[in-house]
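Undergrad: Below, each chain spelled out in residue letters.
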Amino acid sequence: MSVITAPRLLSRMRRREHRRVALVTGLVLVLGLCAAGLLAPLLAPHSPVAQYPGEELRGYGGRFLLGTDDLGRDTLSRTLYACRAALLVGLLGVGIGATVGSLIGLVIGYVGGRLDSFVMRLTDIGIGFPVVIVGIVVVAIGGPGPQAVIIAIALYYLPAFVRILRGSALQLRARPFVEAAASMGVKDRVIVLRHVLPNALPLFVLQVGLALPDAVLLDAGLSFIGLGAPPPSPTLGDMLSQARSYLDVPRLAIVPGLALCLLVIGLNLLADGVRDVLDPRESSERAR
Amino acid sequence: MKRHLIRLCLALAVLLLLPACGSGGGGGGTGGGSEELTIAAAEQFDGFDSTSLAGTNIQAAVMRQLYDTLVALDADRKPQPRLAESWEQSPDHRTMTLHLRPGLKFSDGSPLTAQDVVWNVTHGQDEKTAATARPLFMAISKATAVDPATVQLTFPKPLAAPFDMLDYLFIAKPQDDPQKLKNSPVGSGPFKLEKWDAGTSATLTPNPSFWDAKSVKLKRVTFKFAGDLQAAQLLFRSKQADFLFDSTWKDFASFAKQSGVQTLMAGDGGRVEMFLLNAAKPPFDNADARRAFAAALDRGAITKTVYRGQTEAWCLPWPEGSVGYEASPDLARSCSADPARSRELLTKAGHADGLRFSILTVAGIDAEVSQVAQQQLAKAGLNAKIDSVEDTVFFDRAFAGDWQVLTSTVQRVAHDSATSIQLGVPLQNGGVSNFKSDEYQRLIDSVLYENPGSDRVADMRKLNEFLLDQAFFVPVTSQNPHYVFAKDVKGLQVTLDGYLILQNVSVG
Amino acid sequence: MTRFVLGRVAQMAVTLLGASVVVFTVLRLMPGDPALVYAGPFAGSDVVEAVRDRMGLHDPLPVQYLLWLKAFVTGDLGVSSISGLPVSQLVGSALAQTALLTLTTSLLAIGVGVPLGLLAALRKGTWADRLVAGFNTVALGVPNFWLGLILVIVFAINFSILPAGGSAKLTEDPLGALTSLVLPTIALGLAPAAMLARLTRGAVIEVMHEDFMTMAAAKGMSIGFVIRRSLLRHVFLNLLPVLAILVGSLLTGAAIIESVFTLPGAGRLIIESTRQRDYAVLQTLLVIFVAVFLLVTFVADILYSVLDPRVRGHLMREGGVR
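Taken in order, these protein sequences are the chains called A, B and C. For reference, each letter of the first sequence is one residue, going 19 to 306 in my numbering. For reference, each letter of the second sequence is one residue, going 6 to 513 in my numbering. For reference, each letter of the third sequence is one residue, going 343 to 664 in my numbering.
Calculated directly from the structure, the hints in this document are not laboratory data. It should be emphasised that the depicted structure is a prediction, and the values quoted were computed from it without experimental measurement. Note that the Cβ used here is the ideal one computed from N, Cα and C, for glycine as well. Take these hints with a grain of salt, some might be off.
[Said to hold, decoys possible] Looking from chain C toward chain B, a few residues come up when the C-beta cut is under 7 Å (computed):
1) 374
2) 467
3) 470
4) 506
[To be verified] Just the calculated beta-carbon pair ranges, DEER-fashion:
5) C/512 <-> B/185: 24 to 34 Å
6) C/465 <-> B/492: 54 to 64 Å
7) C/408 <-> A/133: 26 to 36 Å
8) C/401 <-> A/161: 26 to 36 Å
9) A/201 <-> C/418: 49 to 59 Å
10) B/189 <-> C/359: 34 to 44 Å
11) A/163 <-> B/467: 44 to 54 Å
12) C/359 <-> B/450: 58 to 68 Å
Extracted from the complex, chain A is given alone in its bound form (with noise of 0.2 Å):
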């Protein structure tokens, strides 16, 4: 990093004045969606299986908003229960992924020696399996289903938080304040979780709020070849796949489509305006 000039910081700051507006359309759009997801039982007109025989393929307007599929359910109802699935299964993917792979990450940066170079060559053949490959092999021990691409996400994102928690690690461990507290004969389990944990954190909160969009999209796309809940629960991945064989119906593909659009921008606008807030350093151009 260069000096600061005059007109970078100049420049930075307005710049995060765009951010603020950003950060606040990206919380707006996940709020609301998040909102209507988790109010889906109060908000959807319709429950999301059920059929309406001799009502199928609808268009606009009318009884059904939104129009219904080709087994006569509401596309709206079943899209805002989508909606929440893909958030719960997203962030809960995330979140144990980036959980579990933090706190391997953190002891092996830590703890170092041949642990951390097996653990991280480890990561290297982890991170070289694409995530269809890793859902595939999950449903095929475990069944199709919500739990499937939970678990599918997590394996995922692990390494990735192994090594970038890692990395963290390292540089806390030369930091001066855990020297001194190493010297002075402080439990390497104490160091660990009083002072390197939460100097991490923010750098935590950060890569998962970058994970979650990518998360979601994991989400819809495996759910897209087969491998999420079962029919009939709603998925955004199995409302487009189903999309699939009524292309002259574009409606069916538009709807979920845009609703998974909406929810993978406001997540991204978030995880912009997050990393700007907890990381005022580096501006976001640079990281992405």
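Place chains B and C on chain A using the hints.
TA: Leaving out everything else, chains B and C in the frame of chain A:
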């Protein structure tokens, strides 16, 4: 650097403009009037082994194009000459002598002799070959080449329907390497394999050595493997294919109403949609529990919902015109759901307060059938949990006997009813359902072989009543092959099982 | 430097060996018997045993692994247990297809992303900048398979001007092969383009504030000259490591888009072979995937260290960063 950028942009622009030139060909994908047929299929070939019919439907679909049989059965189950131009049976019906057409050749130009036919019989009997129709071939005790143009088959017992087995005996050129039999097929049918990209496409061209080569009109047949049903449909709808090999029943029903395309559903009994009840495991080791299951099913509702009313509800697994159907036309299609009787039977079986079990099934149409059945069964106190698993897991559990009820479409019944029992494992005595009884074996033998002095139809009726009573094999409907194709495809024929015969097809 | 490179290569070899063990074990842990896939679940047990024997599934697992490893190292990848075709042929043609898509996608991402990033940086704060930022936000939020679906609806179904997918080989039908790549390339390339645009903008802005730029301007060099000479060089060097990682993830992660467009690439081969428990094909593909990732990480690290000598020491200490 900037120049590089410009070049990159130019390259991209060219890439984006290309389609404009490429779209000229359109309309049927292969151009108007050309004798080329492109078939979109969801699944791919697992090779071209002439004995392997167990896999996907598409596998069976290519057989008649690459390989011919000595004799083929027509729609009335009557033998028609193919590679063999005539045949005669000994008075005791224990030997059959077949005379090959003169000058027969394989697609590589080498002569096809009686010795090659014998090799195909022995090859199909070898357990290492894992031939689908092996149970049928095993009925041959000896195959000999009397002279290069004459084959003699000997049966230990006279078969009631000996030609069914010959309808499955595809004649391939003998090759020692099983890998070659699979990947470099040399056949006797109207077409030969020109090119095969596993997972992508396969191209067939006419076989110039085919005995009836002049009847073949198509210059090229291309199978395109789309990966799934929707992608296959996409190829058809975007006119990159003029024949849609597989479609969901939902899509087929909607295509059937459209005027721009032709549809064909054929081959009653090509496959049977059925529930199998495991007679070796509680609770369905009890015949009354099995009867209760069968009585609770509303097959009409299942075919209406899942098969979109395109097929009939089946109570006995026999297509019209077969001996099994003709023996009991009154029982074959009429079996309405009877929850009250089902409850009675359940009580009799000692499950007055209901029964819990699981149905092993795979995603797709089988799972849909299970879901509809689940609701019907629940009304009678039969509470089913649906285990919808991946194909391979299904295979594992089915093979290990780790199931109570399963769905399957593996049984073919389009041929003679007795032959079908022998061919398909679900109907065999001691087959998939682990149902085994001497009585059943006696009934099977009575219809499988020619028994002087006995009435085959009457015996078949007894067997039908036994099947209905024991209820280890509960048919739901016939899952017929069903095709959608462009208006200009003409001359399509299908086999007894409903599989394609492209020999006389023309396009345009 | 040489020592560093050699060290990393040795480390990669060991990791790859470890990967082969992991891949082998994971695949065998999956339920499903390839012999049953071949013979069908209702085949007699004598038939199934015969098939298992032929597939070599009766050997103990370590023996199976060592036999496979020995053959693999000597270049014999075996045959598919389902189709009987050589694995080298199956994997080769699938990877070629995916590589082609990766190439066109990377070209699109660079061709769109870099100019947009430049534009945004040079016109920082103007409507153009904001427009690009908006594009980036949207492009990064649109799932590629959904975009693919919409493109198919519009261009293949409604207008019928582009194929919805394809299997044409570049060597046999170049035009057909390229046209069938247009829609998947757009669907797949949009998000990377936005990513590159963001990176480019950031890199350019950073350089513009570096003192030497101010110096250059002070010396009276034209802005255009400065851009051509230093800026683009700096930007490209900055982007290269990211591009390496992008190429890696495109090569291994295009399964879903390949399914949407029925492209016979590596991703679809993986899905299909898993469904059929085709161990020989899966083992080879997965080991190649891990190798690809190790390689791009390695290349990215080398590029970083070339870019910034300070990184080199750090890399040597830590054994690689991501």
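Undergrad: For every hint, state whether the structure bears it out.
TA: Consistency of the hints with the structure:
| no. | hint | result |
| --- | --- | --- |
| 1 | 374 | holds (3 Å) |
| 2 | 467 | violated (24 Å) |
| 3 | 470 | violated (18 Å) |
| 4 | 506 | holds (4 Å) |
| 5 | C/512 <-> B/185: 24 to 34 Å | holds (28 Å) |
| 6 | C/465 <-> B/492: 54 to 64 Å | holds (56 Å) |
| 7 | C/408 <-> A/133: 26 to 36 Å | holds (28 Å) |
| 8 | C/401 <-> A/161: 26 to 36 Å | holds (29 Å) |
| 9 | A/201 <-> C/418: 49 to 59 Å | holds (57 Å) |
| 10 | B/189 <-> C/359: 34 to 44 Å | holds (36 Å) |
| 11 | A/163 <-> B/467: 44 to 54 Å | holds (47 Å) |
| 12 | C/359 <-> B/450: 58 to 68 Å | holds (60 Å) |
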